[in-house]
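All chains should be modelled from the sequences, with the hints used to inform the complete structure.
Just so you know, my numbering puts 407 at position 409 of the sequence shown, and the rest follows in order with no gaps.
Hints in this document: simulated from the structure, not taken from any laboratory. As the structure is a computational prediction, the values presented were derived from the model and not from experiment. We put the CB at the ideal spot given by N, CA and C, even for glycine. You may find that some hints are simply not true.
[Claimed, not checked] Derived pair list, reagent style SDA-like, types lysine to any residue, alpha-carbon separation capped at 25 Å:
| id | residue 1 | residue 2 |
| --- | --- | --- |
| 1 | Lys323 | Gly366 |
| 2 | Lys80 | Gly400 |
| 3 | Lys323 | Thr349 |
| 4 | Lys367 | Thr349 |
| 5 | Lys367 | Pro419 |
| 6 | Lys80 | Pro14 |
| 7 | Lys80 | Arg112 |
| 8 | Lys323 | Asn311 |
| 9 | Lys323 | Leu301 |
| 10 | Lys80 | Gln383 |
| 11 | Lys80 | Glu62 |
| 12 | Lys80 | Ser1 |
| 13 | Lys80 | Met430 |
| 14 | Lys367 | Gln383 |
[Stated by the list, open to error] Derived Cβ-Cβ restraints for the label pairs, each shown as a range:
| id | residue 1 | residue 2 | range |
| --- | --- | --- | --- |
| 15 | Asp141 | Glu278 | 17 to 27 Å |
| 16 | Ser137 | Lys323 | 58 to 68 Å |
| 17 | Arg350 | Ser137 | 51 to 61 Å |
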Amino acid sequence: MNSHIIMLAAENDALPGGKVGGIGDVVRDVPPVLARRGVRVTVLTPSYGALAELPGAVRLSALEVGFGGSSQHVELYRVPGKREVDGVEHWVLEHPLFAAGGPGKIYCDDPPQRPFATDASKFALFCLAAAELIAQQQSPLPDVIHLHDWHAALFLLLRRYHPAYRQLQTVRCVFTIHNLALQGIRPLGGDSSSLATWYPGLHCEHALVADPRWPDCLNPMAVGIRLADAVHTVSPSYANEILRSSAVEANGYYGGEGLEGDLLVAHEQQRLQGILNGCEYPDPPPVATPWPALLDLLREQVLRWVGEGSSVNSAQFIAHARLSKLTRRRPGLLLTSVGRITDQKMRLLQTRLADGRWALEALLEVLGKRGVLLLLGSGDTDYEQFLTTIAGRCSNLIFLRGYSDPLAQALYASGDLFLMPSSFEPCGISQMLA
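Put into structure tokens, the structure is as follows:
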């Protein structure tokens, strides 16, 4: 009998609209390779109020789970991928909470005083529904459950402590760290988005769920590292780097991001492995989009974003105004950038130089009138505002606030240079795609 792996992830680029970042690429590319080796793979993600509506989606069943002190109805759908692969199935779970940011929005951007609040609640329900689904299966349990980043880590907490899911302890679980800087930290209690609110009455060992720096908080990333049978990250050298403390202000070193103690324990227990990231390169490689067609694509996408909102966002207004002034003649130098707008990606651009300018302003000044930077992404609201402000001052920056996979692919293929201003990037998919 073939082995069966179930993957739990926030993103899956095998489905239209299922990607924001590199997790989506990995979850798209790894299952077909496993299938060619005789492994059966099921990929499970939230539907986000959109993926279950894709053409060909079939409702398989419904689940009732106790979440937040009440019974919640969650529906399961099988959805065809962009291309059919024997041995690979794509399932999505649907519930109104999964569309908290609006249909199709994978991640929500909460204010700084409540980081991760919406997403943490969303993925807490996702992990609970996934545990219920797997525990209910009539066929044998899977051989391996592969959990991607903090969004899927609470599955391990439920597997360890929830009495209804103790049989899942017989299934080996692998936890992959895609981005150690994003850990999904929330209070243990006293908040509508907290461990005690999501799973009332669930008794956990404090030392195995608490953040090592803020003991009154839950750290899902730490839970994944502590409770998984194996922990994997994106390169062998990075697996060594994260065993040391970060020292960003002192020397710019990004290490374990506060979890180096847990990672060192995993290393000593021989549970931590680094496997070099890769990606599926298209054959033939993508062709650059001619400038007039790319300009049309940019304008159409910005108008689509404007149409989806109840009011015009200032970033989109500026982008539309800038695009309207660009001619059909291609700029002499076209820089492109695609990525989540986070501290990891933006800190260097917001560095103050000796003359008082932001680093991004200096870069745009070097570009001058001969060049344009097209920057696609969304995320942290403060950094989004920073980019919007600079875009309002500098006509050669077009900040495309949002995400569109067709637009991202066009930017990867069509720029003269690809800008990835990360403070650290252990083995980034975007660089490989570019």
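A quick look at each hint next to the structure:
no.	hint	result
1	Lys323 x Gly366	holds (16 Å)
2	Lys80 x Gly400	holds (22 Å)
3	Lys323 x Thr349	violated (29 Å)
4	Lys367 x Thr349	holds (23 Å)
5	Lys367 x Pro419	holds (22 Å)
6	Lys80 x Pro14	holds (7 Å)
7	Lys80 x Arg112	violated (36 Å)
8	Lys323 x Asn311	holds (19 Å)
9	Lys323 x Leu301	holds (15 Å)
10	Lys80 x Gln383	violated (35 Å)
11	Lys80 x Glu62	violated (30 Å)
12	Lys80 x Ser1	holds (24 Å)
13	Lys80 x Met430	holds (21 Å)
14	Lys367 x Gln383	holds (23 Å)
15	Asp141 x Glu278: 17 to 27 Å	holds (24 Å)
16	Ser137 x Lys323: 58 to 68 Å	holds (60 Å)
17	Arg350 x Ser137: 51 to 61 Å	holds (59 Å)
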